[in-house]
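Undergrad: Chain by chain, the residues:
Number of protein chains: 2
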Amino acid sequence: MRKNLIRALSKRSSSHHVSREVQSSSSDESRKFRMFKWTAISSGLAAFYYLHERSKTEALSKEEILFTADEVSKHNSLESLWVSYKGKVYDVTEFAQAHPGGAKNLLLAAGKDLAPFWGLYQQHSADHVQEILARYCIGKLDPKSVKKSCLKSDKNTAYSNEPERHPAMKINNPTPFNGEPPPSLLLRSFITPNELHFIRNRLPVPEVDIATFTLDVSLPNGNVLPLSIDELKEKFEVIEMPVTLMCAGNRRSEFNAQVKDKKVNGLSWGQCAISTARWKGVLLTDILEHAGISYQECRAKGLVHLRVEGLDAGPDGVGTGASIPLERAFDRSSSVLVAFEMNGEEIPRDHGFPLRLVVPGTVGARNIKWLSKISVSAEESESPTQRRDYKLFGPNVTNVKNIPWEQAPSVQYLPVTSAILEPSTGTKGYAYSGAGNGITRVDISVDGGQTWTQTEIFNENDPYTQKSFAWTLWNFELEIPEDIKEDKIEICIRAIDSNCNTQPEKIDALWNIRGLLNNSWHRIELFVTRQ
Amino acid sequence: MRKNLIRALSKRSSSHHVSREVQSSSSDESRKFRMFKWTAISSGLAAFYYLHERSKTEALSKEEILFTADEVSKHNSLESLWVSYKGKVYDVTEFAQAHPGGAKNLLLAAGKDLAPFWGLYQQHSADHVQEILARYCIGKLDPKSVKKSCLKSDKNTAYSNEPERHPAMKINNPTPFNGEPPPSLLLRSFITPNELHFIRNRLPVPEVDIATFTLDVSLPNGNVLPLSIDELKEKFEVIEMPVTLMCAGNRRSEFNAQVKDKKVNGLSWGQCAISTARWKGVLLTDILEHAGISYQECRAKGLVHLRVEGLDAGPDGVGTGASIPLERAFDRSSSVLVAFEMNGEEIPRDHGFPLRLVVPGTVGARNIKWLSKISVSAEESESPTQRRDYKLFGPNVTNVKNIPWEQAPSVQYLPVTSAILEPSTGTKGYAYSGAGNGITRVDISVDGGQTWTQTEIFNENDPYTQKSFAWTLWNFELEIPEDIKEDKIEICIRAIDSNCNTQPEKIDALWNIRGLLNNSWHRIELFVTRQ
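Sequence lines, in order, name chains F and H. All letters in the first sequence, in the order written, are residues 1 to 531 by UniProt numbering. All letters in the second sequence, in the order written, are residues 1 to 531 by UniProt numbering.
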């Protein structure tokens, strides 16, 4: 039997390094290439028992030593992997390879406290897990040394009351907080747990007094109609639906990594500035009708934009704003929600407590958090996120100081995209298209785009219209051609949506000064080592 | 002053050959390349007068010679260019270069009768045009030799009553008739004249007796509600809107021309199986509501498809059918029309007289001509055009005898596409996207896709939503880099729609067994000759 070693290396970051020992099995003559079927063998299991026995006697003797959180945080690699849990510190370096979820997943918690991770993966509450962990205890955690996570700018009082964030989030900017979950966690479920949903804030998270909070709707007569959360729930039909939100900067990091000689402008997001939640709320159109706002009358008066504003006000007192075409606000099939629940809970502070405008299929920036004001207007929102930052230009617009902002429409609905999040023998990822267009097919290539086959897909599309406001997850059992000539292969992924749109091949022609909407084929190189 | 000659050569057909004498003018230092601005100079004008004088005396002496239509049809090139008009035959070979509309347009009528062309371009009704033509008369046309155009299968009685077609149509199949207009004519106006609208028939054009015709709507109680054309006009609000129809096979010919080793299945359409008309009719949803058909009740019963059938019945008596998701039939914003007028006239027989279902934004095949039956059903239409022919598979499905038809949804909405129809100093073309997504930008590259700039675009998009069911026309004043190294350049075009979707770069990954929906960048090579 022939054995090979396969090592996945993302072009963009080291987070995709995986190591698998693999073996060949029966080939399938019906395919274009004769293939070896590669399956992971559980080489970790033997090590599991071996390591248990060896560490058992060492653990207890070190239990009284005191470590600071800072010291723990430095042991964040496979070479030295420490974690803390309920006030104790554990050196699980040797256990990593035996971790049933794989060393890669244990690495997510390296140097950190286990509690939030175990809160997510509740199989760890079993007694035998606690027993195993106890064997690796090396001391106690100094409680004075524990800081709230992500409070990296304590001195900046504006950010002194930020919510706790999941320690596994990749922080693209600490204040305002911009973070995305690690690929392996994002993929675990169709619905993203609230604590792993990507966060893209522009200002400190506002504190909202729910007792006095109202959503203020500007009326045609100049008055304001205030609506409490309770009134929203009582007066209107409540709807819950899965909606994928995506930042227009998702996959931005690929621009600077792959395009030479010019740099895009914006936070360097990976492939995980996208998440899916079940949002519950009421239809915006019902609120507008209740307020006596008529589409026909507004349109006749030239009031063609629906404007909203959040409570995340900067020094000027103006919250982040957005607008959508009024026609869309009134269109029931567009399902624009004023949401008050996210995955069955009050919306977390980071995601807009107590209200968020959810405009399914649009760029994240139109889904205003901490929603507090609604009005109609002849003009788009003056927010820079409406008038400037989220506009798409050609690759010929390269001078950041001279962007013809007014020449492009603001980005609303999103194009079809996809990404590989788990490049291994069981390759996995997501695909998504905006505007309610469901994904109908996800194709994968293991030869850089020369030949293609179809992945297995999972989604909640309407079976007749293929309509969906949520993403599609896909997986594919990776097979390496037996006659592979090089020591690496390039996996490419591309999705096709219900309008038959698909993704462009290369990133070059998609380059734009703001680094928006990179939906080129996502590519990952896998290095193959024969054994 | 430096002079060059630029010659356009399409990769796909010779119809794009153009010849221009061009000269350099001021260069623009602000561009990436130093450019020469190339403008056509009217070298034709001198020839115009020269040719007139020479042919004046020769014409009359030949007036009594008799030619057959067949003989005239053989003189269809720039080397020998004959036309007929009102019973006379003219040799306009020498006039071709002096033709104010260019030799290329005169070539459209080569070997044919001028009447239908002059019907379109009414500038020819001026007296001086008749005088010029008279000078080139070489004889009379034998009236017995004149056949109706496109009746190439007279013997086949099923096709003995086809309508007249415009002689400039490029015939992809004579019976059933499948034809597309020449690129230069298609581009002349935002609205395509009825006689130039592409035609994609599947059977002989039916003869409809308008006196007895009814549209039959199947009712939930099993009865049928017949509606005459007059009733439709009286009972429902009449709507007129510009709608672009496109065959899913548009640009299919590029597959076989560019992809090696495998052939697609279907008629070899060029870039002109797309046209735009102002369709007038009533909303399908109004008819359904009038008939007492409720979306909620249908959906509850699992009746999720709206089925229609045309009168173009084959030997089995079943007309060409189609279905669309019932949700879409009821959605006012989808604007599904039962149309009775096309560009202000009764719908021509080739386009569905007296009624056509117009489903804006969908593939041509769902826009059933000679519409006669409407019903709701738990199943899609059984028509092969619904269950088989218009389905999109990956490039790995190559065996025409073993296509997994049931695994793909039927194509409904269309993806974003564009084409170059006039490759010359004033480059022109169209761009289009389905599902009501307007075009927001059309980019052109003169270096094979390395660098891009924006074309000037014209459309009727809603200014706030960018929504449109019609195409966008674009033009671009072509400039050739002064420092061009090769003797040819490759022009590429790509469009971006209101959902920010754009076109894939290459055709290879779009290859599919049926040759559907080629929306790769359209590419034209231009050969540059320095003088």
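For the record, the hints were derived by calculation from the structure and aren't laboratory data. Small disclaimer: the values here were computed from a predicted structure and weren't measured. Backbone N, C-alpha and C fix where the C-beta goes; we use that ideal spot for every residue, glycine too. A portion of the hints provided could be inaccurate.
[Claimed, not checked] Here are the in silico distance ranges between beta carbons for each label pair: (1) G292(F) <-> N223(H): 47 to 57 angstroms; (2) D216(F) <-> Q450(H): 46 to 56 angstroms; (3) P100(F) <-> Q450(H): 17 to 27 angstroms; (4) V208(F) <-> P404(H): 32 to 42 angstroms; (5) A313(F) <-> T453(H): 53 to 63 angstroms; (6) Q407(H) <-> D447(F): 18 to 28 angstroms; (7) P404(F) <-> S189(H): 54 to 64 angstroms; (8) P463(F) <-> D483(H): 54 to 64 angstroms; (9) G292(F) <-> E237(H): 18 to 28 angstroms.
Undergrad: Next step is simple, just say for each hint if it's right about the structure.
TA: These are the hints, each one checked on the structure:
| no. | hint | verdict |
| --- | --- | --- |
| 1 | G292(F) <-> N223(H): 47 to 57 angstroms | violated, 42 angstroms |
| 2 | D216(F) <-> Q450(H): 46 to 56 angstroms | holds, 52 angstroms |
| 3 | P100(F) <-> Q450(H): 17 to 27 angstroms | violated, 50 angstroms |
| 4 | V208(F) <-> P404(H): 32 to 42 angstroms | violated, 53 angstroms |
| 5 | A313(F) <-> T453(H): 53 to 63 angstroms | violated, 40 angstroms |
| 6 | Q407(H) <-> D447(F): 18 to 28 angstroms | holds, 23 angstroms |
| 7 | P404(F) <-> S189(H): 54 to 64 angstroms | violated, 30 angstroms |
| 8 | P463(F) <-> D483(H): 54 to 64 angstroms | holds, 56 angstroms |
| 9 | G292(F) <-> E237(H): 18 to 28 angstroms | holds, 25 angstroms |
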